[in-house]
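What follows is each chain in one-letter form.
There are 4 protein chains.
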Amino acid sequence: MGATGYAGAELARILYRHPRVRVTSVASIEGVGQRLGDYFPHLRPFDLTIKEELDEVEVIFAGLPHAVAAKLLLPYIERGLPVIDLSADFRLKDPAEYESWYKTEHPRPELLKEAVYGLPELHREEIAGCRLVANPGCYPTSAILALAPAVKAGLIERNVVVDSKSGTSGAGRSPGLTTMLAEAGEGISAYALAGHRHMPEIVQELSLVAGAPCRVTFVPHLLPMVRGILTTAYASLSQESTAEKDVKEAYREFYKDEPFVRVVDAPPQTKHVRGSNFCTVYPTVDPRTGRLIVVSCLDNLVKGAAGQAIQNMNLMLGFPETTGLEELSLYP
Amino acid sequence: MGATGYAGAELARILYRHPRVRVTSVASIEGVGQRLGDYFPHLRPFDLTIKEELDEVEVIFAGLPHAVAAKLLLPYIERGLPVIDLSADFRLKDPAEYESWYKTEHPRPELLKEAVYGLPELHREEIAGCRLVANPGCYPTSAILALAPAVKAGLIERNVVVDSKSGTSGAGRSPGLTTMLAEAGEGISAYALAGHRHMPEIVQELSLVAGAPCRVTFVPHLLPMVRGILTTAYASLSQESTAEKDVKEAYREFYKDEPFVRVVDAPPQTKHVRGSNFCTVYPTVDPRTGRLIVVSCLDNLVKGAAGQAIQNMNLMLGFPETTGLEELSLYP
Amino acid sequence: MGATGYAGAELARILYRHPRVRVTSVASIEGVGQRLGDYFPHLRPFDLTIKEELDEVEVIFAGLPHAVAAKLLLPYIERGLPVIDLSADFRLKDPAEYESWYKTEHPRPELLKEAVYGLPELHREEIAGCRLVANPGCYPTSAILALAPAVKAGLIERNVVVDSKSGTSGAGRSPGLTTMLAEAGEGISAYALAGHRHMPEIVQELSLVAGAPCRVTFVPHLLPMVRGILTTAYASLSQESTAEKDVKEAYREFYKDEPFVRVVDAPPQTKHVRGSNFCTVYPTVDPRTGRLIVVSCLDNLVKGAAGQAIQNMNLMLGFPETTGLEELSLYP
Amino acid sequence: MGATGYAGAELARILYRHPRVRVTSVASIEGVGQRLGDYFPHLRPFDLTIKEELDEVEVIFAGLPHAVAAKLLLPYIERGLPVIDLSADFRLKDPAEYESWYKTEHPRPELLKEAVYGLPELHREEIAGCRLVANPGCYPTSAILALAPAVKAGLIERNVVVDSKSGTSGAGRSPGLTTMLAEAGEGISAYALAGHRHMPEIVQELSLVAGAPCRVTFVPHLLPMVRGILTTAYASLSQESTAEKDVKEAYREFYKDEPFVRVVDAPPQTKHVRGSNFCTVYPTVDPRTGRLIVVSCLDNLVKGAAGQAIQNMNLMLGFPETTGLEELSLYP
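Residue numbers (the working numbering), protein chains in the order written: chain U, 1 to 332; chain S, 1 to 332; chain W, 1 to 332; chain Z, 1 to 332.
Honestly, the hints are just simulated from the structure, not real lab data. Worth double-checking, as some hints may not be accurate.
Copies of the same chain look alike in the list, so a pair counts if it works inside one copy or between any two.
The calculated lysine to any residue pairs, modelled on SDA-like cross-linking and capped at a C-alpha distance of 25 Å, are [to be verified]: (1) Lys248 x Arg215; (2) Lys113 x Arg252; (3) Lys93 x Glu249; (4) Lys256 x Phe46; (5) Lys245 x Pro287; (6) Lys245 x Leu122; (7) Lys248 x Asn159; (8) Lys256 x Tyr39; (9) Lys256 x Thr104; (10) Lys248 x Pro45.
Produce the complete structure using the sequences and hints provided.
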């Protein structure tokens, strides 16, 4: 559902090569009646027509606007179909938080408890056993993966800075002034300084990891590029003398069995993960100021959306977690 | 001197329209014997040939590599010619700091006392009376202008984070792998996490403003664009309850007579200052975390290099400070 | 009028430094009631509010949609005010052509005779004596300047190919899918292959120069950049043995007194003219195929729109033609 | 061989998922002793060290500079190993042509007869039976696929214009001024107007298809993007009255069994084929001028290099032609 957005198109692209899945039905408000391969020329091999409603399916991915998602998904959730929701509707556990950030009453708060926040690195087991996954936002994925190991190990104070930089595809496919090439090209801007909707997700998950409330200053930036998020996170070390090698060791340990997170030895760039489901994480210590600095990179449409959704599906359906996600990055 | 780099070309471009200055001589190691307008087609109106050494001139701009600058400029400085040095050679007051960051002995440490750090917003009067200006680095200009008012007013703790994002022209005109379009295009990377040479400049000047030592975590990022720096600075408020309006008021007061710094009411973008000598500064408070966030934007080749150098020359020679710098930004 | 489009903003930017003109009134449908400097931050020095209608003025620039322009301009034209119209309404001499390409009846065909096609290189004297200038399209300016000398000298057959490549700012400031960064970035597309509205302009003017009908295959392309048009024109030489030096000589002769057209000796690039009113033209001969190839470059918002409009105004009002247009290009 | 160039990296990326091939050895002059995944972070899953010479292998891809390729490949060719050479050394059948364009004597002209020009759409059967494939250049692939059907059907005069636009990755990975982001970004340039080395390839193959000499005006352009070639080809129709539908029919017929060429109904863009081995071809007729216009798009590193090389390998080794090349394009 919501097949005509960027996340929808990316789901189709990746699932095309998934050996255990066949895309049998695509629905959207836009493009109804068009062939998927006419709407998106790169999806030409799909012999599918965009419909208003889904046909019979066995698992659902939904790339819908918030509030719309919860409403349209309810009947399927009630019938017990496995659902991966890429909207924000089931990410925040506290309906009051949802309402304060999304300016609308939550359509079905009783489902919030059942829904699992779909970050496998934190919630793998719950995902495997659930029917409703709230697929994380792109920024939160990069921020949480950057900071979780340090928070978990108590290496840092629980008031952090997350400075994120994103390509414009993160803003979706609906035309708007700020994401036109003539406006966003050859320039950079900061936005949402009064508070971005992805901030409470980061707070919720880091607090969960910490077992105590975390505070997060989050500033997103719009870059003159299409795909990719680089997050630079800053936090005061709990003990100013903490050695970089101990930090790196904590990160390696935390992610040692993770198929899609790589703790790297050199500052990463987004291009090295473009088109793939990998997230690279580079932790380092600034001994002059007593800070931890962590740089993380991912593709906002893959690990930040469609790829992670498929990773979640693999877990829900009992497939090997990396199935269909083995593609290497498109570099350069 | 150093006419064939980007800063040199930019100096020529701006000075072309300066009513009190005529460019009469250009020198460089590269391009000797070529007409300036053949080397740089956009400078075709200049009827000048690139020479190995300068002819007789009345003021010198030097866009040379560090260490080289100090050596080549010495004879001119000794003869008392006004010199604006765009290299790093005279920026750091402490020769030991210089040697530790630039890995070379300082060629003429006795001149460091005489040299003035050419940021007019902090050192206007000294610049007006001096013969040797150390033109600030592009990152430091954006960082210091972002933080000086808060530091001066004691609004923040003196351990700050400076997250800067720059176009690739800041890396100069010598070809290198990391700034090729195929490498730097469609991606972003962080670099110099172990310490960037511009950091001690920021520390020096903020400490001077504070009257006490400041600590700075500085992380630069390479963006897929040509010109522009956006700096996002983060600092803990001294008093967590400080109101945003008081912060904004302090900034407006600090910059109230500045011709080239604009305290703005909306998050700025680099494109709004591209090609001009303006620096826009947007201070805001994150009440959830007790932090000051400041976003500043400038064109790294203008306010971050050539434009600021001309502003300094205007001060040194007693011209109105804005002479030749009235051009508006090239948007979009 | 139409101050909130890219051409309108560019007119303001350039006129800001024009010594003989003051912008006293700006009108638009959008942004009414806003200060111009809030709508466009780079125009902050203008102390003007956007109004629905113009105040009393002495000359009018109109950057309006076609059909709208002719209607809104009529009263001013009738009062005898000098008008430079940047729309297509008065470019085509034949109202039937206009109607066939713009799918609307011409609102005032009787004015078509009076209007002068504002390409100074072809119509300088008529422009100087007229009250209504039809400012040429951006593509036609690049195409006509590329081919006029060869057509005039009879060097080529009168059936030519014009392959043009443009930045996305040429498509205007209204958001649309094809000019979003995520769609237009990192890719190139050809469009309007069944016929682009700028084609009849090129045909009209080249035919006028030739004194005989010319035929033009015109294919525009959308590039992942903001500003600039590069046109590559191809034509069969009338005599296959024509020497390159004779062609170059014809071009140099044709443009020898032109302040804004440069016949250059190396293939030009758009960046060398960005932000300036220059058009560079590089003619060459392919002896293997008996063809003339001409590459021309201009900034679509300057020589292709606002700059050329000011050049026309200078001619209309008797100012030196280059007044206010002396700025060099912003490179890199 | 030549694993550290862009074509080499792309071969590794694609072969990683080829079910019939394992990359067992990588050689290069650069990076000897480094792990491939350190040299190219996106290739981290390969457990291979870059060596000076290849280990024992069963098939060789060579992405080496011209002249070097022929010399280094000779021993392998003599031993009868299947070789796909991505350099230009075996593309031109006439050693005199080679010498005139590449300014060096051909190191082994006797092999030119044996070598097969590796464009499967023209030479599928010969490729299947040969031991040495000369993998076509990126520009020629786009130009020949755009024009072959029209040439074959005699629809056009045999003197054509090929206007190609390429991303900068086509220039390779060695740093140079013209492909730096600060130079190539936000601008476009034409180059090699006096003759590009890819031109004789296009002439050779189109002449072969025509059975008579073809003449080609070829002008390449450098775009501000990383990957992708869009070629716009122009040719006079043999009969000016030829209908577009007949042209389209000829193209569909010509490519009806081709797995990687798509004749499309709307003007294509490079982004729709990025990262995939597809070439899209859009033929159209300009009835006003009696011309055929064909737009073709491909990814210069895939169908223009590594993907086509693997397609050739599949043919040589008797694998299904599309094996390992099923990946869809990375859009947006």
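Okay, the hints, checked on the actual structure:
Taking the shortest alpha-carbon separations for Lys248 and Arg215, both the intra-copy value of 23 Å and the inter-copy value of 23 Å come in at or below 25 Å. In this homomeric assembly, Lys113 and Arg252 never come within 25 Å of each other (Cα to Cα): the closest approach is 31 Å inside a single copy and 48 Å across copies. Taking CA atoms no more than 25 Å apart as the test, Lys93 paired with Glu249 passes in neither setting, with 32 Å inside one copy and 39 Å between copies. Taking identical chains as interchangeable, the C-alpha atoms of Lys256 and Phe46 lie at most 25 Å apart only when they sit on different chains, with a minimum of 18 Å there against 37 Å within one chain.
With identical chains, the CA atoms of Lys245 and Pro287 are at most 25 Å apart within one copy only, with a shortest distance of 12 Å there and 34 Å across copies. In this assembly of identical chains, the alpha carbons of Lys245 and Leu122 lie at most 25 Å apart only when taken from the same copy (23 Å versus 40 Å across copies). For the homomeric pair Lys248 and Asn159, the shortest alpha-carbon distances inside one copy (20 Å) and between copies (23 Å) are both at most 25 Å. In this homomeric assembly, Lys256 and Tyr39 come within 25 Å of each other (Cα to Cα) only across copies, at 22 Å, whereas the closest approach inside a single copy is 41 Å.
Taking CA atoms no more than 25 Å apart as the test, Lys256 paired with Thr104 passes in neither setting, with 40 Å inside one copy and 42 Å between copies. Taking CA atoms no more than 25 Å apart as the test, Lys248 paired with Pro45 passes between copies only; the shortest distance there is 21 Å, against 44 Å inside one copy.
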